[in-house]
Amino acid sequence: MVECKDFDERLLDYLYEELSAVERQACEQHLTGCARCQGELSSFGGVRRAARQLELVEPPAAVSAKLMYQAAQLAPRRRGRVLPFVRKVWQHPAYAMAACFLIVGGVTSWQIIVHGDLPMVTPVLQEKSAVKSDEGQAATGRTPAVAATAEAATAEAAKAEAGGAPARPAEEAVEQKPEPGFFDRKSPGKVISSPSISSPSKGLAEVSAKELAKGPTSKSSAAPKTALPQEGYRPTPSPADGDLSLDSIGGVSKKADKARSEAGDGLLLKNEQPATGGSGKASRGAVNAANDDEPALPEIRRSAPAQEVVQLPLGKDQNQQLARDTLPQPSETRSRAAKPSAAKPVDREPQVPNERNSVVQASTAPLREEAEAPAGAPAAAPPPVRLDNNLSQGQAPANRLAGNVGEDGACRDVELRIRSEGQGRVSAEDLWTDYQCLKRRGQAASARAQGDLRRLANEFPSFRSDEVLAERREGEGSDERNQRQFDGLESPPRAKKAKRAAPKQTESNKAY
Amino acid sequence: MRDDTDEALMLRYRDGEVRAFELLLTRHRRPVYNFILRFVGNPMQAEDLLQETFLRVIKVAENYERQAKFTTWLYTIARNLCVDASRRGKHRKATSLDAPLEEDGESAALVEILPSQGQAVDRQVIDKQAGVRIQQAIDRLVEEQREVFIMRELLDMSFKEIAEVVGCPENTVKSRMRYALEKLRETLEDYRDLAQVAQ
Chain A
0 MVECKDFDER
10 LLDYLYEELS
20 AVERQACEQH
30 LTGCARCQGE
40 LSSFGGVRRA
50 ARQLELVEPP
60 AAVSAKLMYQ
70 AAQLAPRRRG
80 RVLPFVRKVW
90 QHPAYAMAAC
100 FLIVGGVTSW
110 QIIVHGDLPM
120 VTPVLQEKSA
130 VKSDEGQAAT
140 GRTPAVAATA
150 EAATAEAAKA
160 EAGGAPARPA
170 EEAVEQKPEP
180 GFFDRKSPGK
190 VISSPSISSP
200 SKGLAEVSAK
210 ELAKGPTSKS
220 SAAPKTALPQ
230 EGYRPTPSPA
240 DGDLSLDSIG
250 GVSKKADKAR
260 SEAGDGLLLK
270 NEQPATGGSG
280 KASRGAVNAA
290 NDDEPALPEI
300 RRSAPAQEVV
310 QLPLGKDQNQ
320 QLARDTLPQP
330 SETRSRAAKP
340 SAAKPVDREP
350 QVPNERNSVV
360 QASTAPLREE
370 AEAPAGAPAA
380 APPPVRLDNN
390 LSQGQAPANR
400 LAGNVGEDGA
410 CRDVELRIRS
420 EGQGRVSAED
430 LWTDYQCLKR
440 RGQAASARAQ
450 GDLRRLANEF
460 PSFRSDEVLA
470 ERREGEGSDE
480 RNQRQFDGLE
490 SPPRAKKAKR
500 AAPKQTESNK
510 AY
Chain B
0 MRDDTDEALM
10 LRYRDGEVRA
20 FELLLTRHRR
30 PVYNFILRFV
40 GNPMQAEDLL
50 QETFLRVIKV
60 AENYERQAKF
70 TTWLYTIARN
80 LCVDASRRGK
90 HRKATSLDAP
100 LEEDGESAAL
110 VEILPSQGQA
120 VDRQVIDKQA
130 GVRIQQAIDR
140 LVEEQREVFI
150 MRELLDMSFK
160 EIAEVVGCPE
170 NTVKSRMRYA
180 LEKLRETLED
190 YRDLAQVAQ
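Chains as they are written, first to last, in numbering that gives the first Met the number 0: chain A, 0 to 511; chain B, 0 to 198.
Since the hints were made in silico from the structure, they are not lab data.
Check the hints yourself; a few may be wrong.
Unchecked claim - Simulated coverage check for chain B against chain A, where a stretch passes if three residues somewhere in it have a Cβ under 8 Å from a Cβ of chain A:
| hint | region |
| --- | --- |
| 1 | 17 to 24 |
| 2 | 142 to 156 |
| 3 | 176 to 188 |
Claimed, not checked - The following residues of chain A were derived to be distant from chain B, with all beta-carbon distances above 12 Å:
| hint | residue |
| --- | --- |
| 4 | E22 |
| 5 | Q24 |
| 6 | A34 |
| 7 | V85 |
| 8 | S108 |
Predicted model only: the values in this text are computed from it and were never measured.
Just so it is clear, CB atoms sit at the ideal spot from N, CA and C, and this is done for glycine as well.
Generate the whole structure from the sequences, applying the supplied hints.
Structure below.
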């Protein structure tokens with residue numbers, strides 16, 4: 000039961016309707032029976048009704064406009080995490096400096112990591128390195144032009160020396176350059192012991208530079224150094240080649256190879272490229288030793304047996320011929336070889352002095368002492384050699400020395416030569432030599448070759464005047480004579496017959 | 000955005016959305032202005048206080064945290080400004096319309112001397128007189144009673160919210176409200192007679 004005191008405490012809540020339903024119901028029950036409380040409630044209700052007479056006044060629009068302007072001007076900036084930090088860094092000098100260092104350091108590190116070097120510094124370094132290289136070339140006496148010449152010469156030599164093998168670029172040749180005083184990586188048993196030998200490219204460059212400075216020089220002085228590395232086993236040149244110099248015919252090169260084979264340097268290692276011109280210091284040293292009697296040969300020769308060797312790609316007959324050239328020659332024949340034969344007719348084609356034999360004798364002179372030692376063995380006895388000076392039969396010498404035929408009338412491709420005689424490319428005397436070679440080897444020319452031989456013997460007086468017919472009549476008698484000639488007991492009868500045969504050869508040449 | 004609460008709009012304005020503040024101003028400018036106007040009784044001062052109230056909202060918006068009701072925070076600012084203004088106004092001498100022209104207290108008030116504008120306007124005059132009397136009665140209330148009465152009658156705030164704004168217990172607010180109602184009842188006895196005549 001709500002009394003007046005309790006209702007007075009709850010009068011405002013009842014007036015403003017903030018009582019619960021139960022309390023409101025209890026108050027209403029009290030109001031129904033209490034006039035005083037009803038009067039009090041109505042008086043307060045009158046005040047509320049009077050207060051509701053007060054209307055809400057609209058504020059001036061100008062105030063709202065000012066407030067919106069102020070709100071737009073003083074509105075808080077959009078909050079973020081990066082912008083306040085950047086603003087703080089930007090406004091503080093120390094932070095700004097630290098940020099600059101970080102940015103520069105980061106960019107530099109990134110450039111180094113990605114590019115491996117600073118791209119800004121690289122051109123400067125390249126220029127410095129170029130200047131240094133120029134200085135180095137100037138210090139070594141090599142000009143860029145000489146270096147370019149050396150590279151070109153190296154490439155040319157690689158092409159010429161490769162033969163059947165593909166030509167190696169100059170850079171590769173430089174990479175395979177053995178360094179003095181070290182073991183060759185590709186041949187552990189071989190010691191590069193010659194400190195005076197320079198790198199191949201450099202040597203070539205020097206030679207080329209010297210040649211450029213000298214201009215055209217004599218063959219005897221320039222040929223051994225310049226032509227040796229470039230001359231190797233060329234493919235068969237065309238007979239039209241009129242170059243009969245030693246550089247082109249490769250005689251010196253083969254002598255050098257022969258000297259190398261004698262000195263032990265001609266035995267190439269398995270991984271080594273065969274006879275690349277000037278690519279190896281040792282080979283060049285061996286050649287120089289063969290020509291200049293340098294004492295480096297015995298050292299290299301002693302080191303050679305410890306290696307696994309591979310023979311040069313020479314034919315069996317070529318090896319025999321090379322061995323034959325190293326044997327002592329009859330003095331008479333040697334003297335004849337030194338000067339052109341008087342029996343040669345003047346009206347023939349231009350004669351080439353027998354430089355081959357002279358060079359062979361000069362180059363093999365110091366090696367004969369070594370070759371004479373095994374000469375006593377029966378297996379090393381070479382077949383008799385017919386040395387003639389009548390090689391100047393048109394295009395025959397070039398074809399003979401540089402081609403597949405072999406430089407000394409080797410028995411290889413004899414039939415081809417016999418057939419070529421019919422076409423006028425090989426002289427009858429060369430053909431005779433080949434025929435003798437076949438006979439010594441117990442071989443017989445084919446029926447076609449024999450037919451050609453007989454045809455030639457019947458056709459040409461010079462050929463007939465030679466011992467072809469006699470050999471045909473006498474059979475094996477010529478071999479015994481050759482053996483005596485080889486032993487130096489008898490001079491070849493051809494020297495006597497040459498004078499008589501000279502006018503006949505002139506006629507035969509007219510027949511060509 | 001229009002359906003957002005006052006607190007959400009205030010947070011948006013804190014994040015830089017001026018549009019949110021515009022909505023808040025649209026919602027609260029009228030009751031706040033009337034609260035200030037009834038509190039201070041001077042429209043010009045009320046305008047200034049209204050502008051100052053919302054300027055304080057703008058300035059402190061960056062550090063606003065959702066800890067209390069926005070209206071409670073807003074009226075607290077307005078009330079403090081009004082209290083400060085009323086304290087400063089006590090030192091100023093102002094002429095009251097309903098105050099007796101003479102000091103004996105029996106002479107007619109200024110508002111009673113003003114000429115009436117005919118029969119057609121009797122109702123308007125009575126209404127206006129009723130309003131003036133109510134406003135005079137409110138102005139005569141003590142500040143504590145006045146603010147509570149205005150908040151309760153004009154702003155329809157609960158006693159609990161008024162207690163939060165004023166910063167006093169709820170029962171104190173109710174007590175102040177009761178004293179305010181008793182004073183207004185005494186003041187409006189004449190108005191009741193006028194109101195009965197007008198009806």
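Quick rundown of the hints versus the structure:
1. Requiring three or more residues with a Cβ within less than 8 Å of a Cβ of chain A, the coverage given for the region 17 to 24 of chain B holds, as 4 such residues are present.
2. Chain A is given as covering the region 142 to 156 of chain B, and this holds because 4 residues of the stretch bring a CB closer than 8 Å to a CB of that chain, at least three being needed.
3. Coverage of the region 176 to 188 of chain B by chain A holds in this model, with 6 residues showing a Cβ closer than 8 Å to a Cβ of that chain against a need of three.
4. Annotated as non-interface, E22 (chain A) keeps its C-beta farther than 12 Å from every C-beta of chain B; the closest such distance is 15 Å.
5. Look at Q24 (chain A): its CB is around 21 Å from the nearest CB on chain B, clear of 12 Å, so calling it non-interface holds up.
6. Chain B leaves A34 (chain A) outside its interface by the beta-carbon criterion, the shortest separation being 17 Å against a cut-off of 12 Å.
7. At roughly 17 Å, the least C-beta separation between V85 (chain A) and chain B is larger than 12 Å, which holds for a residue marked as non-interface.
8. Under the 12 Å C-beta cut-off, the non-interface status given to S108 (chain A) relative to chain B holds; the minimum distance is some 38 Å.
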